[in-house]
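2 protein chains.
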Amino acid sequence: MSPWSAAALGDPIANIETPALLLDLDAFERNLQRMVEALQGSSMRLRAHAKSHKCPEIALRQVAMGAVGICCQKVSEAAVFVDAGIQDVLVTNQIASLAKARRLANLARKARIGVLVDDTQQVVWLHQAATDAGVSLDVYVEIDVGSGRCGVAPGEQAVALALAVDRSSSLRFSGLQCYQGAAQHMRQPAQRQAAIAQATEWARITRDAIVAKGVACDRITGAGTGTFWHERDSGVFNEIQAGSYIFMDRDYRDNQAGPEDWAFEHALFVQTTVMSQTQLGKAIVDAGLKASSVDSGMPAVWERSDLNFVKASDEHGVLELTPQSQLALGDVLWLVPGHCDPTVNLYDELIGVRHGRVESIWPISARGALL
Amino acid sequence: MSPWSAAALGDPIANIETPALLLDLDAFERNLQRMVEALQGSSMRLRAHAKSHKCPEIALRQVAMGAVGICCQKVSEAAVFVDAGIQDVLVTNQIASLAKARRLANLARKARIGVLVDDTQQVVWLHQAATDAGVSLDVYVEIDVGSGRCGVAPGEQAVALALAVDRSSSLRFSGLQCYQGAAQHMRQPAQRQAAIAQATEWARITRDAIVAKGVACDRITGAGTGTFWHERDSGVFNEIQAGSYIFMDRDYRDNQAGPEDWAFEHALFVQTTVMSQTQLGKAIVDAGLKASSVDSGMPAVWERSDLNFVKASDEHGVLELTPQSQLALGDVLWLVPGHCDPTVNLYDELIGVRHGRVESIWPISARGALL
Numbered sequence: 078m079s080p081w082s083a084a085a086l087g088d089p090i091a092n093i094e095t096p097a098l099l100l101d102l103d104a105f106e107r108n109l110q111r112m113v114e115a116l117q118g119s120s121m122r123l124r125a126h127a128k129s130h131k132c133p134e135i136a137l138r139q140v141a142m143g144a145v146g147i148c149c150q151k152v153s154e155a156a157v158f159v160d161a162g163i164q165d166v167l168v169t170n171q172i173a174s175l176a177k178a179r180r181l182a183n184l185a186r187k188a189r190i191g192v193l194v195d196d197t198q199q200v201v202w203l204h205q206a207a208t209d210a211g212v213s214l215d216v217y218v219e220i221d222v223g224s225g226r227c228g229v230a231p232g233e234q235a236v237a238l239a240l241a242v243d244r245s246s247s248l249r250f251s252g253l254q255c256y257q258g259a260a261q262h263m264r265q266p267a268q269r270q271a272a273i274a275q276a277t278e279w280a281r282i283t284r285d286a287i288v289a290k291g292v293a294c295d296r297i298t299g300a301g302t303g304t305f306w307h308e309r310d311s312g313v314f315n316e317i318q319a320g321s322y323i324f325m326d327r328d329y330r331d332n333q334a335g336p337e338d339w340a341f342e343h344a345l346f347v348q349t350t351v352m353s354q355t356q357l358g359k360a361i362v363d364a365g366l367k368a369s370s371v372d373s374g375m376p377a378v379w380e381r382s383d384l385n386f387v388k389a390s391d392e393h394g395v396l397e398l399t400p401q402s403q404l405a406l407g408d409v410l411w412l413v414p415g416h417c418d419p420t421v422n423l424y425d426e427l428i429g430v431r432h433g434r435v436e437s438i439w440p441i442s443a444r445g446a447l448l
Numbered sequence: 078m079s080p081w082s083a084a085a086l087g088d089p090i091a092n093i094e095t096p097a098l099l100l101d102l103d104a105f106e107r108n109l110q111r112m113v114e115a116l117q118g119s120s121m122r123l124r125a126h127a128k129s130h131k132c133p134e135i136a137l138r139q140v141a142m143g144a145v146g147i148c149c150q151k152v153s154e155a156a157v158f159v160d161a162g163i164q165d166v167l168v169t170n171q172i173a174s175l176a177k178a179r180r181l182a183n184l185a186r187k188a189r190i191g192v193l194v195d196d197t198q199q200v201v202w203l204h205q206a207a208t209d210a211g212v213s214l215d216v217y218v219e220i221d222v223g224s225g226r227c228g229v230a231p232g233e234q235a236v237a238l239a240l241a242v243d244r245s246s247s248l249r250f251s252g253l254q255c256y257q258g259a260a261q262h263m264r265q266p267a268q269r270q271a272a273i274a275q276a277t278e279w280a281r282i283t284r285d286a287i288v289a290k291g292v293a294c295d296r297i298t299g300a301g302t303g304t305f306w307h308e309r310d311s312g313v314f315n316e317i318q319a320g321s322y323i324f325m326d327r328d329y330r331d332n333q334a335g336p337e338d339w340a341f342e343h344a345l346f347v348q349t350t351v352m353s354q355t356q357l358g359k360a361i362v363d364a365g366l367k368a369s370s371v372d373s374g375m376p377a378v379w380e381r382s383d384l385n386f387v388k389a390s391d392e393h394g395v396l397e398l399t400p401q402s403q404l405a406l407g408d409v410l411w412l413v414p415g416h417c418d419p420t421v422n423l424y425d426e427l428i429g430v431r432h433g434r435v436e437s438i439w440p441i442s443a444r445g446a447l448l
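Taken in order, these protein sequences are the chains called A and B. Just so you know, my numbering puts the end of the first sequence at 448, numbered straight through with nothing missing. Just so you know, my numbering puts the end of the second sequence at 448, numbered straight through with nothing missing.
It cannot be assumed that every hint is accurate.
Each pair may be met inside one copy or between any two copies, as identical chains are not told apart.
[To be verified] Once the Cα atoms are required to be at most 20 Å apart in a straight line, the calculated EDC-like pairs of lysine to aspartate or glutamate come out as:
(1) K187 / E106
(2) K187 / E342
(3) K290 / D160
(4) K290 / E106
(5) K388 / E426
(6) K359 / D243
(7) K388 / D372
(8) K359 / D209
(9) K290 / E278
(10) K359 / D383
Everything labelled a hint here was simulated from the structure, so no lab data went into it.
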C-alpha cells in the first residue's frame, strides 16, 4: 500500500492526493435512509451486502439503521466483519473444502453465521466442521432462479438438499437463497420485473415443496439494488441483500429507471488529476484500471458531460474532450466508477467528504480478503 | 486483507487456500535468465518495470542479475522500492502537482530518482520541489511515439522541453522516454516490428535535434515485453523497461510469435477451486474478477484446454466444459491471468512454489500504491 494516506482529516477536498476513493457523506446517508424508507411497512428485512464496501464502519451504520446483519462472499471477509462486531453474517457463497468450512465454523463461536449449499458434499464438509467446532451453522439451499451460475434447480433437487441439511444435527436449514444476479443490470424496467416474477415463482414452488415435507423454510433471501422492490412486493421473499445502493455506480445508472425505481444517488467517486494534455481534444488523468475497475465499462466523469472517459491502462485514463471543453493540467475531476464493488477493492481507505472537507477516513478492512 | 495467509512455508501446493496468487519459481527464474541472455552482447541495459510485480523481493533479484534499477508508475510505488533498497528508480509517468513533486524530491535524498515530463508546468513544479529539497532529479522528456497517450510530439516540441529542463539547475535532462505501449499487444510480429521501426525513427530525429542544440541526450528508454528485441537492435534505444516478461499473461501469449521472439514462460498463476457444479457442461470456480483482472479478457485455464473460462463476476468464475471434461467439486485448477499487472495488484502475497511445495511467501508491498 501507499506509505502515506491520500488525505488527513480536515483537508480541503482539493488537497486530497490522487487517485483517491471518496465518499460523499451526504449522498451516502441519504441512500441509507432511502433504503429504510423503501422497506418501511413491508415484512422485508435488509441484510446489507458488504462485498460492495468491505468496510466495517459502513456495516455498523447499516446495522444501526435496522439491517439484521450483513452478507458477504468470502469466509475471510466474514472474519473481518465478525471481528468488527457484526453479529449476523451470511456468506452468500458455496464453500468447497473442509479446511475452509473449518474457518467458517470457527467464526460461529462469536456470531451467527450462515452459508449456502448446492451440493451434498458441501453439506458433509459443513456438518463435520460445525460438529468438530461444537457450533451450529445456518445453511441456505441456493436455487438457480435464472442467473445460470450457482444453485440447484428449483423443485425436487432443492428439496432433497434441504432435507439433507435438515438431517445434519450441527446445521440449521434456514431457507432459500434466490438471487437473480442477471436481472440486476437488465436495462429495461419490464425485463427486470419479469425476471423477478419468474424467480419468485421458482422460490415459491420450492419453498412450498420443502414445507410439504414437514421442514420449515422460513427465510427466502436474495435481491439486489437493481430489483429489490420487486422482491419486496413478491409475497415470497422476506430478506434482501442489496449492496450497491449505498454507492451507486455507472452501470446501475445505465439501467433505465421504472416508475417505482428508488432514486439512489452516486456517493462513491474516484478523485483524479489531469496529468498530461499534449493533444487537442484529449487529456490524460492519473486514474487508470488500477484506480477504477473497468470490468463493467469505463467510469463516467461526474458533472462533466463534455468529458468522455474512453480508455484505461494501468495508471492512465484517456479523456476525450469537446471543442468547448475547458480543462488544464492539474485540474481535479471526480469519476463515477463503472462498477463499485471491485473499485472499492483497489483501495485501503475510503475518504468521507462533506462541506468541502475531509470528515472521515475509514479503513476498507476487508479489501483483498479473497479466501 | 484476509486475516490469515493462504499458505505457510512448506505446505503442499494442494493445501494452499484459494484463490491465491502463485509464482512458479523455476519458470520465473528461467524468465529472469532469458532476459539476461537476450541483452548479452548488446549495449542495452534493463530497467525492470516494477508496476508488474510491486514486489521488492523480485526487484532486488532483477538488480542482482544486472538490471540498473527499476521503473514504476507512481511516486508511492517508488517510495516502497526506495525503502526496500533499490538505488535507481524512474517514475515513468508525469506528475501533476507541486505536492506530489515534493514527495518525489524527498525520495531523491536516498536514491537516484527520475521522472517524465511533457509540459513546462511539470518542469516548474519539479524544479521548485527539487530546489526546496536540495536534491537533483533525472528528468526525461516523453515523446509520443505512437501510443497516443502522454508525451509531446517528436521534434521541435520535445527539443523546447528538453532545453527547459536543461536550464533548470535542480534538474538533470537525462534523455527521452519513447515507450510504444500500443505496439506491445499487436498480434502480428510484422505489426510490432513496423511500430517500433517508426518509434525508433522519431526517437532518433528528436535525439539528434536536441544534441544539435548542444545538449547531451544520452538515454533513450522505453520498450516492453512484446517488442524489446526490436528496440535492442534499433541502434537508438539503450535502455528497456520490460516488466511482464517475468510472469507472462494470457494477453501476451495471444501475440503471434515471430522468429526472434523470446520464449518467456507463464510463471504467474491464480490457484482456484471448483466450488459449484450443478449444470451439465459448466462449473463455477472461486476466482472471479476480484481474483484475476479481466480488463484484457478472461484468464486461461492452465493445461486444461478442455476448460474455457467464459465469465467472471466479483467472486465467481464460470467455466465451460467439453462433454469429455473430468472435473469435480473441490478440484483445484490454475488460471493464467488475462493481464498480470492489475491481477498482482489484487493480492497482498505472492506464493512461490517449487517441487510441489510452498518455498517462499513474498509481500506485494506496493500493492495499492496509487498515489
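Hints and how they fare:
no., hint, verdict
1, K187 / E106, "neither (29 Å within a copy, 45 Å between copies)"
2, K187 / E342, "neither (35 Å within a copy, 46 Å between copies)"
3, K290 / D160, "neither (38 Å within a copy, 65 Å between copies)"
4, K290 / E106, "neither (44 Å within a copy, 60 Å between copies)"
5, K388 / E426, "neither (25 Å within a copy, 29 Å between copies)"
6, K359 / D243, "neither (61 Å within a copy, 28 Å between copies)"
7, K388 / D372, "both (12 Å within a copy, 11 Å between copies)"
8, K359 / D209, "neither (61 Å within a copy, 33 Å between copies)"
9, K290 / E278, "within (19 Å within a copy, 78 Å between copies)"
10, K359 / D383, "within (11 Å within a copy, 44 Å between copies)"
Checked against the numbered hints above, the structure violates hints 1, 2, 3, 4, 5, 6, 8; every other hint is satisfied.
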